[in-house]
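Peer 1: As a plain string of letters, each chain reads:
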Amino acid sequence: MQTAVFFAIAAIAVASALGLIVRRNPIHGALFLVVNLGSVAAIYLMLNAQFLAAAQVIIYAGAIMVLFVFAIMVLIPGKEETGPDPLRPFRLVAIPFGAFLLVEILLMLVVRPAPPREPPGAEGGAEAIGRLLFTDYLFPFELTSVLLLAALVGVLALAKRKA
Amino acid sequence: MDFPAVSLRAILPAIVILTTAALVLLLDLLPPRERKGHLAVVSLAGVVAALLATTWLWGGESRAFRGMVVLDGYALFLDLVICYAAGLVVLLSMDYLRERGLESGEYYALVLLATVGMMLMASAGDLIVVFLSLELMSLSLYVLAGYFRARLASGEAAMKYFLLGAFATSFFLYGIALVYGSTGTTNLDRIAASASRDSLMMVGVALLLVGFGFKISAVPFHMWAPDVYVGAPTSVTALIATGSKAAAFAALIRVLVTSLRSTQPDWTVLLWGLAAATMTVGNVVAIAQSNLKRMLAYSSVAHVGYMLIGLVAGGVFGTGAVLFYLLVYTFTTAGAFGVVLLLEHAGGEGVSLADYAGRARRHPILALVLSLFLLSLIGIPPFGGFVGKFYLFGAAVRSGYIGLAVIGALNTAVASYYYLRLIVYMYMREPEGVEAVSTPSFAGGLALAVALVGIVVLGVVPTPFIDLAQAAVTPLLR
Amino acid sequence: MTTALAVRDFVAAFVLLNAVIAVVTYVTLLERKFAARMQSRIGPYRVGPHGLLQPIADALKLMMKEDVVPATSDRWVFNLAPLVFLIPCVLIFATIPFAPGLGLADLNIGVLFFLAVSALEIVGLFMAGWGSNNKYALLSAMRAVNQIISYDLPFIFAALIPVVLGGTLRLGGIVEAQRGLWFVAYPLLGQLGFLAYLVAMIAAENRVPFDILEAESELVAGFRVEYSGMKFALIQLAEYAHVIGTSYLGALLFLGGWLGPGPAWLGLIWLSLKALAVFLLVTWVRWSFVRIRVDQILGISWKLLLPATLSLLLVAAAVVAYSGGARGA
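Protein sequences, first through last, are from chains A, B and C.
Under my numbering, the first residue of the first sequence is numbered 6, with each subsequent residue one higher.
Under my numbering, the first residue of the second sequence is numbered 32, with each subsequent residue one higher.
Under my numbering, the first residue of the third sequence is numbered 929, with each subsequent residue one higher.
I should point out that these hints are in silico values taken from the structure, not numbers from a laboratory.
Glycine included, every Cβ here is placed at the ideal spot set by N, Cα and C.
Among the clues, some could well be false.
[What the hints assert, rightly or not] Some but not every residue of chain C turned toward chain A, in silico, with C-beta under 8 Å:
#1 V1005
#2 L1030
#3 L1032
#4 N1036
#5 F1041
#6 L1043
#7 A1044
#8 A1047
#9 L1048
#10 F1054
#11 M1070
#12 V1073
#13 I1076
#14 D1080
Hey, can you work out the whole structure from these sequences and the hints?
Peer 2: Structure (structure tokens):
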């Protein structure tokens, strides 16, 4: 049962990721991204990481909306530039190269399979995550706030009207 | 709940710089609001204080925050390199920004925040910290690259740097995820303890190398470098070329040498190829460049190739040589970009090869200083560049990578062509057009003097510094 | 999971879903009556005694109307939008405990689940605005994104105040922590927190005075201008369901939930009365205030509400720290 559900969700995730790449319309792409992120949240739920799942949905709902606005304001969907792609020869090289890398990875999976690992047994509730954030991961947690400060200062420096 | 002991001592230099950044942001709001010169002085004071803190901590060794941060000789040595890079950049920025009317508190705050990220990369004990500090550094640099908003090239530089950097980051994160999948931990020491060579680990290591490759701009991940170096404000270019590279190398070496030691045969092969390609492409393409900043960009790509030789050679000698070369390279490159910056015109012109024709006549001192830096970049005694290359190639020969050493030596010969061409332009060509003579300010002069003293001292009495570098890497190799 | 349990869950979900739809249908009538009284009118009166059958008539009318799909619309997006909009608005009821033990799932991250699901609502709204391929609709969707991104944070922070005070994310636990003293009765902290919650809630629901995204005088009907028939009904249903759901959440978080005098089985009545009070308060605001400008809306969020809710959260944490632990923990 668990395995079946997992594969169903994983299939949705992969399919929506493909849709995101293949669709030319950026709005459709962003919608596929919503599906993708939602299915990843579902996988988190199956791993008993409820907090992570909820946080993922809350954060990415906002992020996706920004993406929508960005797509409309910058990319003007429906009016994408047409004409010969200057990078077309590179793309022809990219496909066999990508296929080669894929085969190499698959080969490696066969030759040197990774031993199956027990999933970490820790409970993924809000309390467990909170505890981890303030003990083992205190330093990365604080470092993230410095990172946000830098982002904030950077955005202001770029968006300030003067000069 | 037992909180981890908060030992600020282990991250003292970074804390000093971070505090200075916050102070700069606060002072920015207070009068005098028109002049921002004092903010640069405060930033510089912070960098010097961090330098003093580093020397005060020298010889200490500790782990803090549950193994997230490592304070050892290696981190301190690189803190030194990064502090010098940041200090030189702040000095060079002062007049450069004022002449263009773009001085602001945010600029210095971002330079300092980027420095914090670089320092923490050098002392990270966990892949998560490596990632976060890498992002802190990169994010600040993305913004700084686009700091001249009125200039189209600056915006282009920021956009390219940001998009490709974000792309590289995703590779890096994927690599971390796979390594975690293989070992069940992100702590560098524990990865080393449970190292296996299964498929997850191998793919993870390859992806990590791609991520780092972008940051150190190794071929074939160097595409962003020339455009970013040209478009970004020259002071920021100096920081990207020196500090960010030193930090990326710092994290790369620590991750490869301490935690991925079990896969050394595998990544050595990869690095061999990267080193050869990086040197050759960097030098050959640099020949064709007529824009000086672009030429220096390719030259810095080539120098990354030289440093990768030391990493391939491995051991105390190879890795120590990389560290020493990083020190030399930081002084030399910051100095070379410094001269370019001082001779640049307000609109960002005056950086093409033709503009440098006959410059020795109008700016005899600056031309001489630039020539000395270029000679160090080629690797001519008595400058630091010579000693650095000598140790790198020596380490390669000692470890049996003679082919790589030969490629390196050939590349040095190729490189001397375009460096010497610039010197020839400055001394033996007639100047075109009339050009106002600008006298470098005190701050700019001081920066060049420090860099010049640096490469001469490192070239004439290298032994104590080599010993320091080798002592710094010894704990990693245990 | 045994089959019996699964069947029970499905039946429970089915019952709840229909109950929600029934309640929402009649809430529209309530609002119309309420608004009419405020304006000295009588309101719907013709269909059934005192107009009580009016919602049924409305629903039948909407179901029988022609379903128009604009020729130039982004067909898939246009057709999916009402569903994507409706699902999160109904899903929020899944985690609401209506009385001790009465509810689909009293999750241990109940509040977070609620916030996460209701954050998804905007995706459907944007799809409707974009898919219509209509200038009014698109402008409305862009305004909605502005507003919702700005008000999500104060809404979350305001909802977290009771979480901190109660020491749990489980909605049932938060209610039990209010036994003796409702969180709204905490001096200053409670009232200000509740006020912030109400303001953020009104903004998140795009109701007057924050209804710039459907401002009739400028945008006709905003993102739903091209919808007709059943799809229009679904969108209306979703909007009202969201308002009711958020009212229930407010009653649970600040007003003591099902706590009240009388026997325990009165809990459901108490909770519903409190939620109704919140809903009427919001409606009262709707019919009393004028619409405010976009810049004012954004200014209120970023300059007033966000710092205010953050400091209230800090105060709440301080209260918990100095009174020796959260009440529910």
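Peer 1: When the structure is checked against the list of hints, which entries are broken? Sort them ascending.
Peer 2: 2 and 3
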